[in-house]
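Each chain is listed here by its residues.
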Amino acid sequence: MATRDKPNVYFAWYNDDDRLAIVERQLDTNSSKGIDSGEYDSFYSGGNLSGSITASTTSSTITFTSASHGLAVDDTLTISDTTSYDGDVTVTAVTTNTFSIAGTNSESSETGSWVSLFVDDGIRMTIHSKYEEVTAITTNLDTTHGLDNSMHASVLDYVKSRVSEDMGQMEQAQFFRTRFEASVSKKTTRRSGVRFLSVPKL
Amino acid sequence: MTVKDIISQVEMVYGRQSHTYIMQLVNDALLEISSKKQHYTVSATADLIKGQRWYDLPTRTIDIIKVEILDTSTDNRYHLIPKLVDYHSLLKGDPDTGTGDLT
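Taken in sequence, the protein lines are chains A and B. Be aware that the first sequence starts at 99, since it is given in the working numbering, and climbs by one per residue. Be aware that the second sequence starts at 6, since it is given in the working numbering, and climbs by one per residue.
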């Protein structure tokens with residue numbers, strides 16, 4: 099993202115039912131005028147993590163020493179400035195100061211550098227979510243599930259409505275159902291301070 | 006309030022009930038509340054991976070409020086990005102088959 103000083107100009111998103119797509123506007127890098135093709139494609143800029151390789155060992159896998167690298171298993175990166183390992187690789191194991199990739203090579207104790215092919219936590223999305231499922235009776239709906247205290251009575255009304263229905267007490271079931279729906283529709287949405295800030299027009 | 010509290014209150018009126026069943030009803034209630042009000046908001050992050058277009062949405066997503074990108078070149082903060090409305094006419098072909106989880 100070295101040349102992206104205004105990300106909201108260059109990046110955009112869209113989605114289908116299950117997935118989020120992040121796309122980046124393509125610039126004609128061959129042109130001295132920086133002509134904008136106007137088209138969007140998958141993210142093609144560089145990652146934000148990099149480091150030096152100070153040593154390497156090889157046995158059943160190749161392990162590089164790189165102090166406090168911050169990588170995780172399955173991360174992808176590009177290795178350069180080595181004799182035998184230059185190229186795109188996937189991390190298979192990590193410790194604080196080493197990371198490993200698949201393969202073997204007779205070359206040992208190489209030095210070089212690496213740069214990640216991803217931006218660590220580069221996407222943040224905010225969603226309207228369903229509540230997590232309750233799996234134990236000791237679960238606290240407020241602290242564990244984020245259900246506002248004012249909605250607890252609504253949950254109770256819903257449960258009573260269903261139990262009454264099962265027991266054939268239809269009037270009671272209707273009473274609790276109506277009360278549940280009324281309390282849910284009256285519930286005001288929690289308003290965060292962000293809503294009152296002036297957000298630049300995109 | 007815990008689910009146990011709800012069970013006790015229900016059992017006071019209706020007598021002994023199956024805990025598993027009441028727990029299921031509590032889950033139904035939570036689902037209905039979140040669908041009707043859509044007021045439960047959470048954030049999730051994922052790595053932005055070179056060459057990858059699609060990222061799996063969290064399974065409990067109802068709808069997306071906003072998406073931000075970490076600007077590592079200037080201030081290292083998240084910046085809002087717009088939704089691409091007419092993507093059919095603006096996108097290049099999608100060569101990506103990978104998916105990534107938003108955690």
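Quick caveat, the hints were computed from the structure, so don't treat them as lab data. Warning: the hint list may mix true and false statements.
[Said to hold, decoys possible] Below 25 angstroms or equal to it, Euclidean Cα-Cα: the simulated DSS-like pairs (lysine-lysine) are:
| id | chain 1 | residue 1 | chain 2 | residue 2 |
| --- | --- | --- | --- | --- |
| 1 | B | LYS41 | A | LYS285 |
| 2 | B | LYS55 | A | LYS284 |
| 3 | B | LYS55 | B | LYS71 |
| 4 | B | LYS55 | B | LYS9 |
| 5 | B | LYS9 | B | LYS71 |
| 6 | B | LYS88 | A | LYS285 |
| 7 | B | LYS42 | B | LYS55 |
| 8 | B | LYS42 | B | LYS71 |
| 9 | B | LYS55 | B | LYS88 |
| 10 | B | LYS9 | A | LYS285 |
| 11 | A | LYS285 | B | LYS71 |
| 12 | B | LYS88 | A | LYS284 |
[Claimed, not checked] Computed footprint of chain B on chain A; a stretch qualifies when at least three of its residues, placed anywhere within it, have a C-beta under 8 angstroms from a C-beta of chain B:
| id | segment |
| --- | --- |
| 13 | 111-124 |
| 14 | 155-163 |
| 15 | 211-217 |
The beta-carbon is built from N, C-alpha and C at its ideal position, and this holds for glycine as well.
Going down the list of hints, with the structure as the test:
1. B:LYS41 - A:LYS285: 10 angstroms, holds
2. B:LYS55 - A:LYS284: 45 angstroms, violated
3. B:LYS55 - B:LYS71: 21 angstroms, holds
4. B:LYS55 - B:LYS9: Judged against 25 angstroms, a Cα distance of about 47 angstroms means the pair is violated.
5. B:LYS9 - B:LYS71: 36 angstroms, violated
6. B:LYS88 - A:LYS285: Measuring from Cα to Cα gives roughly 29 angstroms; hence the hint is violated.
7. B:LYS42 - B:LYS55: Roughly 37 angstroms separates the two Cα atoms, so the pair is violated.
8. B:LYS42 - B:LYS71: Roughly 18 angstroms separates the two Cα atoms, so the pair holds.
9. B:LYS55 - B:LYS88: Cα-Cα ~20 angstroms, so holds.
10. B:LYS9 - A:LYS285: 24 angstroms, holds
11. A:LYS285 - B:LYS71: 23 angstroms, holds
12. B:LYS88 - A:LYS284: 31 angstroms, violated
13. 111-124: As far as the segment 111-124 of chain A goes, the hint holds, because 10 residues have Cβ atoms under 8 angstroms from chain B.
14. 155-163: violated (count 0)
15. 211-217: With 3 residues closer than 8 angstroms to chain B, the segment 211-217 of chain A meets the three-residue bar; holds.
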